[in-house]
Amino acid sequence: MSAPGTAVRMSYRQAVREGLREALQGDPRVFLMGEDVGRYGGCYAVSKGLLAEFGEERIRDTPLSESAFVGAGIGAALGGMRPIVEIMTVNFSLLALDQILNNAATLSHMSGGQFNVPLVIRMATGAGRQLAAQHSHSLEGWYAHIPGLRIVTPATVEDARGMLAPALVCPDPVLIFEHVGLYNFEAALAAPAPPVDLDHAAVRRSGRDVCLLTYGASLQRCLDAAHQLVEEGIEAEVLDLRTLRPLDDAAIMASVTHCRRAVIVDEGWRSGGLSAEIAARIMEQAFYELDAPVARVCTAEVPIPYPKHLEEAALPNAARIVAAVLRLCGRNPEGAQPAPASVGARAS
Amino acid sequence: MSASDTSPPANQPDAPRAAAPAPAPTRPQVLHLLKQMLRIRQFEDRCAELYQNEKIRGFLHLYNGEEAIAVGAMQALTLQDAIVATYREHGHALARGVPMHLVMAELYGKRTGSSGGRGGSMHIFSKTARFYGGNAIVAAGLPLAVGLALADKMQRHTGVTACFFGEGAVAEGEFHESMNLAALWQLPLLFLCENNQYAMGTALERSESETDLHLKAASYRMRSSRVDGMDVLAVQSAVSQAAAAIRAGQGPEFLELITYRFRAHSMFDAQLYRDRAQVEQWRKQGPLITFTTRFKAAGLMSEEDYQRLEKEADREVETAVEFAERSEWEPIEELTRHVYFEGAAQ
Numbered sequence: 000m001s002a003p004g005t006a007v008r009m010s011y012r013q014a015v016r017e018g019l020r021e022a023l024q025g026d027p028r029v030f031l032m033g034e035d036v037g038r039y040g041g042c043y044a045v046s047k048g049l050l051a052e053f054g055e056e057r058i059r060d061t062p063l064s065e066s067a068f069v070g071a072g073i074g075a076a077l078g079g080m081r082p083i084v085e086i087m088t089v090n091f092s093l094l095a096l097d098q099i100l101n102n103a104a105t106l107s108h109m110s111g112g113q114f115n116v117p118l119v120i121r122m123a124t125g126a127g128r129q130l131a132a133q134h135s136h137s138l139e140g141w142y143a144h145i146p147g148l149r150i151v152t153p154a155t156v157e158d159a160r161g162m163l164a165p166a167l168v169c170p171d172p173v174l175i176f177e178h179v180g181l182y183n184f185e186a187a188l189a190a191p192a193p194p195v196d197l198d199h200a201a202v203r204r205s206g207r208d209v210c211l212l213t214y215g216a217s218l219q220r221c222l223d224a225a226h227q228l229v230e231e232g233i234e235a236e237v238l239d240l241r242t243l244r245p246l247d248d249a250a251i252m253a254s255v256t257h258c259r260r261a262v263i264v265d266e267g268w269r270s271g272g273l274s275a276e277i278a279a280r281i282m283e284q285a286f287y288e289l290d291a292p293v294a295r296v297c298t299a300e301v302p303i304p305y306p307k308h309l310e311e312a313a314l315p316n317a318a319r320i321v322a323a324v325l326r327l328c329g330r331n332p333e334g335a336q337p338a339p340a341s342v343g344a345r346a347s
Numbered sequence: 000m001s002a003s004d005t006s007p008p009a010n011q012p013d014a015p016r017a018a019a020p021a022p023a024p025t026r027p028q029v030l031h032l033l034k035q036m037l038r039i040r041q042f043e044d045r046c047a048e049l050y051q052n053e054k055i056r057g058f059l060h061l062y063n064g065e066e067a068i069a070v071g072a073m074q075a076l077t078l079q080d081a082i083v084a085t086y087r088e089h090g091h092a093l094a095r096g097v098p099m100h101l102v103m104a105e106l107y108g109k110r111t112g113s114s115g116g117r118g119g120s121m122h123i124f125s126k127t128a129r130f131y132g133g134n135a136i137v138a139a140g141l142p143l144a145v146g147l148a149l150a151d152k153m154q155r156h157t158g159v160t161a162c163f164f165g166e167g168a169v170a171e172g173e174f175h176e177s178m179n180l181a182a183l184w185q186l187p188l189l190f191l192c193e194n195n196q197y198a199m200g201t202a203l204e205r206s207e208s209e210t211d212l213h214l215k216a217a218s219y220r221m222r223s224s225r226v227d228g229m230d231v232l233a234v235q236s237a238v239s240q241a242a243a244a245i246r247a248g249q250g251p252e253f254l255e256l257i258t259y260r261f262r263a264h265s266m267f268d269a270q271l272y273r274d275r276a277q278v279e280q281w282r283k284q285g286p287l288i289t290f291t292t293r294f295k296a297a298g299l300m301s302e303e304d305y306q307r308l309e310k311e312a313d314r315e316v317e318t319a320v321e322f323a324e325r326s327e328w329e330p331i332e333e334l335t336r337h338v339y340f341e342g343a344a345q
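Order-wise, the sequence lines are chains B and Y.
Numbered per numbering that gives the first Met the number 0, the first sequence spans residues 0 to 347.
Numbered per numbering that gives the first Met the number 0, the second sequence spans residues 0 to 345.
None of these hints come from the bench; they were simulated from the model.
Just so you know, even glycine gets a beta-carbon here, dropped at the ideal spot from N, CA and C.
Wrong hints could be hidden among the right ones.
Residues of chain Y placed beyond 12 Å of chain B at every Cβ, according to the derived structure [unchecked claim]:
no. : residue
1   : 81
2   : 98
3   : 113
4   : 275
5   : 297
Chain B stretches covered by chain Y per the calculated footprint, using a threshold of three residues with CB under 8 Å from any CB of chain Y [claimed, not checked]:
no. : segment
6   : 74-87
7   : 96-105
Chain B residues, not near chain Y, derived (Cβ > 12 Å throughout) [said to hold, decoys possible]:
no. : residue
8   : 113
9   : 130
10  : 295
Could you put together the complete structure from these sequences and hints?
This is the structure we're talking about:
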């Protein structure tokens, strides 16, 4: 990614913190507020050290009042500030849904474009830590349903570091979903960190036989699966969607057209979810490019259970992605449904 | 029939407390206040007709009876201050100085409206007037007001954010969260609770265990007082004093303004929840009647003044209607505009 000697190895958590630090240093209008972002250092230790560096005015601990402090972020954005609101987890964002949906997403439109809400909301999302049914939601696809919002899902250290800056430049509300399973993930990051955009999906692995369309923590699951598929003689392309609203249709269709088979991997539930939206768009825009029906690997339709083996069984993983790909390619893995007869040998 | 239909209203307006006596107004001040209240009254009477004629659609919530609050409050605020209002906000917008013809065009849904026609009756916005809606979710404006006040405080501006809401909002969590944050952070925020006794059709005593709303503010260690919301001068005086204290850095304040809505909650309301006798009793204490009686007696205005101002208001309303009538509809090709901001980030 970067030349030797100019890269720094850091965790996703550190990368988010570096992005925050840069934003706070670069613009006096920027401030961070949320539950335990200050003295505690952030529930996931993302903002650790920022209170000492920037003070209580700009690293602002809030009471457990999601609706009020998210609404306050909207109001402060209207009033000329550039607030970054941290909601501890997506699960608690439901307590602020009125503000996000009825105010942040609508004020520009309802005012006929007189006002805009340059607000960034960060929240932790996702399952995998045995936190049971109320602390394991993946609702980013659900938020992507809402016109007026921009939804971004950094899946790499580079995006964790870089997505905040363009989000703050954006005149509209941007929701950044940071997967809890990624905070300890480490990778090399070029120094200085390269700028990133919020507009384009990124091919994280090139391939030709099947494209895996994914985002967030499922990116690593897809890369693992792609690695395993090499042994089967299948070269999978992995497209990191990065932004869930607006979706980068051009990149999705390019990858689908190139590979002619597509598997959507989404930690959200299957019914009415983001994977359904992407599949529908592929049908609308690239149906005749397909050699096989679009497949999906999603979370099972169950509130996330506490026991480890049941939680793992509910979530997408590399094995299930591999199995879905093999079915698409007519390999008929053990226990799987036979592939449609028309799905042929192109992969080999 | 519930108890509230036969028992007296929970909060009689004859017991204002705390607000200092208003200084005696001059004749020009009397005529100005009367004119502002009449503009709202005549505008909305016409709106009711236009609703029957299906020129105005959707929900229409009239402020009839409550005019003294918006008019009194706006006299005490400056253009540096920010206003957050509710879905019953025609009066606030007009008193704030949003031009009447733009408000009427908005109610028509025309592109010349104050929000380009996109908002309608419940979503009047004006950047030049620092008028931040027009919010149709009860209590959802309060967190916004917290943020506007926070922005002013962090930028060392001297503005006050005035947040209007009905007494129904005090039952919402957002009210309590916002009161707490405003007091905790000592924000320049004025909470203006328009207590018109009914949340749609539910009387305050049928929905709140504590009907003395001032005690709720006190529990957040916030200065608070109850004001006769039918008396425009009392409102002006109370808001003026509160705004001065807030500007002086003394933190937020809560005013409960006792009032009554003479018309239905919206145009769909058969008013089964209250006696006509109660409405008539309150009408006698209405803001226009009490004001004109008082200042005719004081020799500061005459019946001719009233007639003249009413005619002027009617002319302004008709001009606004003509403007709305002849304004263009936004073309359907522009349907998806304004979902995302079209200007550059600042």
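Hint-by-hint comparison with the structure:
A Cβ of chain B approaches the Cβ of residue 81 of chain Y within 12 Å, the least distance being about 7 Å, so the stated non-interface status is violated. With a closest Cβ-Cβ approach of about 14 Å to chain B, residue 98 of chain Y is found to remain outside the 12 Å limit, as its non-interface label requires. Not every Cβ of chain B is farther than 12 Å from the Cβ of residue 113 of chain Y; the closest lies at roughly 8 Å, contradicting the non-interface assignment. The beta carbon of residue 275 of chain Y sits about 35 Å from the closest Cβ of chain B, which is more than 12 Å, so the claim that it is off the interface holds.
Interface exclusion of residue 297 of chain Y from chain B stands, the closest Cβ pair being 42 Å apart, more than 12 Å. For the segment 74-87 of chain B, the stated coverage by chain Y is satisfied: 8 residues place a CB nearer than 8 Å to a CB of that chain, which reaches the threshold of 3. With 4 residues carrying a beta carbon less than 8 Å from a beta carbon of chain Y, the segment 96-105 of chain B meets the three-residue requirement, and the given coverage holds. For residue 113 of chain B, the non-interface assignment is contradicted: its Cβ lies about 4 Å from the closest Cβ of chain Y, within the 12 Å cut-off.
Every C-beta of chain Y lies more than 12 Å from that of residue 130 of chain B, the closest at about 24 Å, which supports listing it as non-interface. Distance check for residue 295 of chain B against chain Y: the nearest CB is about 28 Å away, which clears 12 Å, and the non-interface claim stands.
Violated hints, listed in ascending order, are 1, 3, 8; each of the other numbered hints is respected by the structure.
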